[in-house]
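Protein chains in written order, with UniProt numbering: chain A, 1 to 480; chain B, 1 to 480.
No wet-lab data here; the hints were simulated from the structure. A couple of the hints might just be wrong.
[Stated by the list, open to error] Partial list, computed: chain B residues near chain A (C-beta under 8 Å):
id, residue
1, Ala18
2, Asp51
3, Leu89
[What the hints assert, rightly or not] Within a straight-line C-alpha distance of at most 20 Å, the following computed PhoX-like cross-link-like pairs (lysine-lysine) qualify:
id, chain 1, residue 1, chain 2, residue 2
4, A, Lys182, A, Lys214
5, B, Lys414, B, Lys425
6, B, Lys265, B, Lys230
7, A, Lys208, B, Lys425
8, A, Lys182, B, Lys425
9, B, Lys124, B, Lys414
10, B, Lys208, A, Lys327
11, A, Lys214, A, Lys372
12, B, Lys11, A, Lys11
13, A, Lys230, A, Lys182
14, B, Lys265, B, Lys232
15, A, Lys208, A, Lys232
Beta carbons: idealized from backbone N, C-alpha and C, even for Gly.
Number of protein chains: 2
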Amino acid sequence: MDTAEFRRRGKEMVDYIADYLESIEQRQVYPDVQPGYLRSLIPEEAPEQPDSYEDVVRDIERVIMPGVTHWHSPYFYAYYSTGNSYPSLLADMLSAAIGCVGFSWAASPACTELETVMLDWLGKMLNLPEDFLAGTAGQGGGVIQGTASEATIVALLAARSRTVRQIQAQSPEHTEMDIISKLVAYSSDQAHSSVEKAGLIAGVRMRKVATDEKFAVRGETFSVMLEEDKRKGLIPFYFCATLGTTPSCAFDCLTELGPICNAEKIWMHIDAAYAGSAFICPEFRPLLNGVEFADSFNFNPHKWLLVHFDCSAMWVRRRSDIIRAFKTDALYLNHDHQDSGLITDYRHWQIPMGSRFRSLKLWFVFRLYGLKGLQAHIRKHVLLAKEFERRVREDQRFEISADVVLGLVCFRLKGSNELNETLLKRINSARKIHLVPCQLAGRFVLRFAVCARSTESHHVQEAWAHIAEIASELMQDLQH
Amino acid sequence: MDTAEFRRRGKEMVDYIADYLESIEQRQVYPDVQPGYLRSLIPEEAPEQPDSYEDVVRDIERVIMPGVTHWHSPYFYAYYSTGNSYPSLLADMLSAAIGCVGFSWAASPACTELETVMLDWLGKMLNLPEDFLAGTAGQGGGVIQGTASEATIVALLAARSRTVRQIQAQSPEHTEMDIISKLVAYSSDQAHSSVEKAGLIAGVRMRKVATDEKFAVRGETFSVMLEEDKRKGLIPFYFCATLGTTPSCAFDCLTELGPICNAEKIWMHIDAAYAGSAFICPEFRPLLNGVEFADSFNFNPHKWLLVHFDCSAMWVRRRSDIIRAFKTDALYLNHDHQDSGLITDYRHWQIPMGSRFRSLKLWFVFRLYGLKGLQAHIRKHVLLAKEFERRVREDQRFEISADVVLGLVCFRLKGSNELNETLLKRINSARKIHLVPCQLAGRFVLRFAVCARSTESHHVQEAWAHIAEIASELMQDLQH
Ligand SMILES: Cc1ncc(COP(=O)(O)O)c(C=O)c1O
Ligand SMILES: Cc1ncc(COP(=O)(O)O)c(C=O)c1O
Numbered sequence: 001m002d003t004a005e006f007r008r009r010g011k012e013m014v015d016y017i018a019d020y021l022e023s024i025e026q027r028q029v030y031p032d033v034q035p036g037y038l039r040s041l042i043p044e045e046a047p048e049q050p051d052s053y054e055d056v057v058r059d060i061e062r063v064i065m066p067g068v069t070h071w072h073s074p075y076f077y078a079y080y081s082t083g084n085s086y087p088s089l090l091a092d093m094l095s096a097a098i099g100c101v102g103f104s105w106a107a108s109p110a111c112t113e114l115e116t117v118m119l120d121w122l123g124k125m126l127n128l129p130e131d132f133l134a135g136t137a138g139q140g141g142g143v144i145q146g147t148a149s150e151a152t153i154v155a156l157l158a159a160r161s162r163t164v165r166q167i168q169a170q171s172p173e174h175t176e177m178d179i180i181s182k183l184v185a186y187s188s189d190q191a192h193s194s195v196e197k198a199g200l201i202a203g204v205r206m207r208k209v210a211t212d213e214k215f216a217v218r219g220e221t222f223s224v225m226l227e228e229d230k231r232k233g234l235i236p237f238y239f240c241a242t243l244g245t246t247p248s249c250a251f252d253c254l255t256e257l258g259p260i261c262n263a264e265k266i267w268m269h270i271d272a273a274y275a276g277s278a279f280i281c282p283e284f285r286p287l288l289n290g291v292e293f294a295d296s297f298n299f300n301p302h303k304w305l306l307v308h309f310d311c312s313a314m315w316v317r318r319r320s321d322i323i324r325a326f327k328t329d330a331l332y333l334n335h336d337h338q339d340s341g342l343i344t345d346y347r348h349w350q351i352p353m354g355s356r357f358r359s360l361k362l363w364f365v366f367r368l369y370g371l372k373g374l375q376a377h378i379r380k381h382v383l384l385a386k387e388f389e390r391r392v393r394e395d396q397r398f399e400i401s402a403d404v405v406l407g408l409v410c411f412r413l414k415g416s417n418e419l420n421e422t423l424l425k426r427i428n429s430a431r432k433i434h435l436v437p438c439q440l441a442g443r444f445v446l447r448f449a450v451c452a453r454s455t456e457s458h459h460v461q462e463a464w465a466h467i468a469e470i471a472s473e474l475m476q477d478l479q480h
Numbered sequence: 001m002d003t004a005e006f007r008r009r010g011k012e013m014v015d016y017i018a019d020y021l022e023s024i025e026q027r028q029v030y031p032d033v034q035p036g037y038l039r040s041l042i043p044e045e046a047p048e049q050p051d052s053y054e055d056v057v058r059d060i061e062r063v064i065m066p067g068v069t070h071w072h073s074p075y076f077y078a079y080y081s082t083g084n085s086y087p088s089l090l091a092d093m094l095s096a097a098i099g100c101v102g103f104s105w106a107a108s109p110a111c112t113e114l115e116t117v118m119l120d121w122l123g124k125m126l127n128l129p130e131d132f133l134a135g136t137a138g139q140g141g142g143v144i145q146g147t148a149s150e151a152t153i154v155a156l157l158a159a160r161s162r163t164v165r166q167i168q169a170q171s172p173e174h175t176e177m178d179i180i181s182k183l184v185a186y187s188s189d190q191a192h193s194s195v196e197k198a199g200l201i202a203g204v205r206m207r208k209v210a211t212d213e214k215f216a217v218r219g220e221t222f223s224v225m226l227e228e229d230k231r232k233g234l235i236p237f238y239f240c241a242t243l244g245t246t247p248s249c250a251f252d253c254l255t256e257l258g259p260i261c262n263a264e265k266i267w268m269h270i271d272a273a274y275a276g277s278a279f280i281c282p283e284f285r286p287l288l289n290g291v292e293f294a295d296s297f298n299f300n301p302h303k304w305l306l307v308h309f310d311c312s313a314m315w316v317r318r319r320s321d322i323i324r325a326f327k328t329d330a331l332y333l334n335h336d337h338q339d340s341g342l343i344t345d346y347r348h349w350q351i352p353m354g355s356r357f358r359s360l361k362l363w364f365v366f367r368l369y370g371l372k373g374l375q376a377h378i379r380k381h382v383l384l385a386k387e388f389e390r391r392v393r394e395d396q397r398f399e400i401s402a403d404v405v406l407g408l409v410c411f412r413l414k415g416s417n418e419l420n421e422t423l424l425k426r427i428n429s430a431r432k433i434h435l436v437p438c439q440l441a442g443r444f445v446l447r448f449a450v451c452a453r454s455t456e457s458h459h460v461q462e463a464w465a466h467i468a469e470i471a472s473e474l475m476q477d478l479q480h
């Protein structure tokens, strides 16, 4: 394909994408395909000679689309939202074309520097403590990780190496392996599965702290656990607090936990993967109070800030903590400025060596929505969730299972777990909308997460009417 | 920005990208900017109200381009190539628009299934042992990792947990921590820095095996090291072999190393990040001989197979090894088919939970180039490297520092390291071409890696003439 053909095909692809997103609600939100469907639709091997472009494009509708779960459909209410917007798509086209690999400042200065400055912009939108920003007298700064999972691991590894260094500074006779074998990391029992996985990867013990009736970790419970572990000779070193848990969007009590972590020299990392985007609205910013105690903070613009996957924003209070956990070097990666103190080599901040030019997505989205536009997006989703909550509360058969703080509503039929499992199964089988469940205090609960950028009040009303109707049918069937 | 505006802006962006790539050689390959250049060019905060699209686009040339290292310029000969092609760009536009997050089969069946089948296609192109393919009676299969760095870690973690399980099965009294503290992982002293980093992340001891005069690890050296470590009570468990090392594109001797690893129950992972793409050509496939001893194999289509970053192809001999290293679960991730044995939930195969729909890039590129087109691309780069090698050999002042097997030429002026450092500095300061160095057996060496898709013979000739001229000037300056 030469440049002239790319001009033509690229423009056709822009139209295909525009058509797809414009008419997405006419597609069935969740596919009907059975496992293994795709293999039989295409050849067993790559072609020797090129296929025609027309054939490839035809196969998008024949092979791909029948198996797509449409995350951007206004009938998609599963998991949490994943971001998408036209400015983000445009920026990523540019990023792919530049196609630099950002592992050092020299590998593409613009890629590194825009990342640093965009994280400062975003930090200011969130009103993060100045320490976390790069363009200040502090020692902190931001980085774009691929995902929240990676941010959790990076923070855990930084904490692990900081703790080893601190202990060895006082008692040089302890080997690294000795110390690591005594470390304990903590998180809420509501924490995302990626936190447990981070512990598995780093090879450290991981304990889950029980949550209160609002599914939040409280200082008291945590303190008791710490004392117990210290009596056993273990070394608490890392706490991953969650703001906006995946099951129910609960908030660990940072203002209680932060001082404990600081006093015990425990690294406090905050995972606000979903909820973090909301903190750009002054009315939701109090949910972030206590961040001043944290060593690192992370959330996913790729979830709720109109930026598409992947783009997870992470800040650390001390750059040196994170860099020292990973630093490896090789001559072919050296460059003139590397020890100048003036530049950032992001390969020391992340698990992969390189990364795409992801800050372009932030730059386009911030500029083309403006802070006001982004706030409007968040507020609209929260209002839609509240609207759904109201409908649930009006129906005596249902109950709300957790406080509705942002864009997620946890609800269930008053009744058994089996009843609710059947309800969910029927809802998802009908294929009109798509939801996933969670477990809260032993209860099977349905999650209604407002996800798509294009979700409007009428979609939510329609979704509720549909759920209520399926519930009625279910009740009737059960009476027979 | 509404859909109508996206149609317009998207098409403008396609033209911008086409113009950029078409005229890339007119841009200076390496930027002149100083550290911190970008911050002063843009506001300190995100705008409250949206900026105009015209302003954003204008800023691409004003703010971004002056700081870009142009990896796709035919004057870029640094590091190793990073992939780029029009079919890959088109596929990624589609991937971004679909915007699903691939963590389970249900999250988007097409995303999971195309990945599995494309890795089978690619495995067949490489003539991998059948065991590694998913659509066979074997227990293996492929996955797209973001980067080779991640593949190395994933393999190491799978090896770690397999070894712990095997030892505990025989001696249940050993704790996991005990076992891990005795593990040793190995790689070539020429291995990429990401291998050392993998050891840091997993918290295991890592040793480098000395290489022979061709910069390859040999069986004999490895055996001696193993015996030594076992005598010390350590447990060898992982060997990362490199095919195509980063400094000089050397090849560890798999046919010697593989049987040793198999006999010692050491997980052999193969990192062929750059060189792997060449194995689609029958004449280069012998370089992969010995893969039949491996537990996992990885290379980067995003380096040399015309697919843009990130897309790293990894195969494992036994799916269960990799899944058991990471498996964590949560109700909100469950789906009907998950325990059916029919589907793959890729979150258990990778460090992040989710990933983009990256297999679309492979599908478009394989189909629109065909195997023949991809082979032609590899062969052209190898021929260009040979052409450069010939020029170096014809000039008595220079020497070739390592066998030229694929698209990389390692060369230097006969003389001191200082002399060669000065030569490189002058070449890079002239800004006409861009190279990076390496160290080989204590010598400072220049690396000339054929990188861009659009590099032609006349670019290579021009680059050589330029280098030879700078060398002459340098010699002259030294005489005065
Ligand atoms: C609280 C929380 N943490 C982490 C994650 C994982 O995010 P990512 O896919 O970016 O790793 C999620 C995803 O829903 C989440 O809700
Ligand atoms: C041999 C080798 N391994 C690993 C890598 C790292 O690749 P990635 O950026 O995909 O992690 C490179 C990069 O040049 C390499 O040459």
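Hints, verified against the model:
1. Ala18: At 5 Å from the nearest chain A Cβ, Ala18(B) passes the 8 Å test, so the hint holds.
2. Asp51: 4 Å, holds
3. Leu89: Since chain A brings a Cβ to about 5 Å from Leu89(B), closer than 8 Å, the hint holds.
4. Lys182(A) <-> Lys214(A): It is violated: about 31 Å lies between the C-alpha atoms, which goes past 20 Å.
5. Lys414(B) <-> Lys425(B): 17 Å, holds
6. Lys265(B) <-> Lys230(B): Within the cut-off at roughly 13 Å; holds.
7. Lys208(A) <-> Lys425(B): With Cα atoms ~54 Å apart, Lys208(A) and Lys425(B) exceed 20 Å; violated.
8. Lys182(A) <-> Lys425(B): 48 Å, violated
9. Lys124(B) <-> Lys414(B): 44 Å, violated
10. Lys208(B) <-> Lys327(A): 17 Å, holds
11. Lys214(A) <-> Lys372(A): 31 Å, violated
12. Lys11(B) <-> Lys11(A): 5 Å, holds
13. Lys230(A) <-> Lys182(A): At roughly 10 Å apart (the allowed maximum being 20 Å), Lys182(A) and Lys230(A) satisfy the hint.
14. Lys265(B) <-> Lys232(B): 18 Å, holds
15. Lys208(A) <-> Lys232(A): Status holds; Cα separation ~17 Å.
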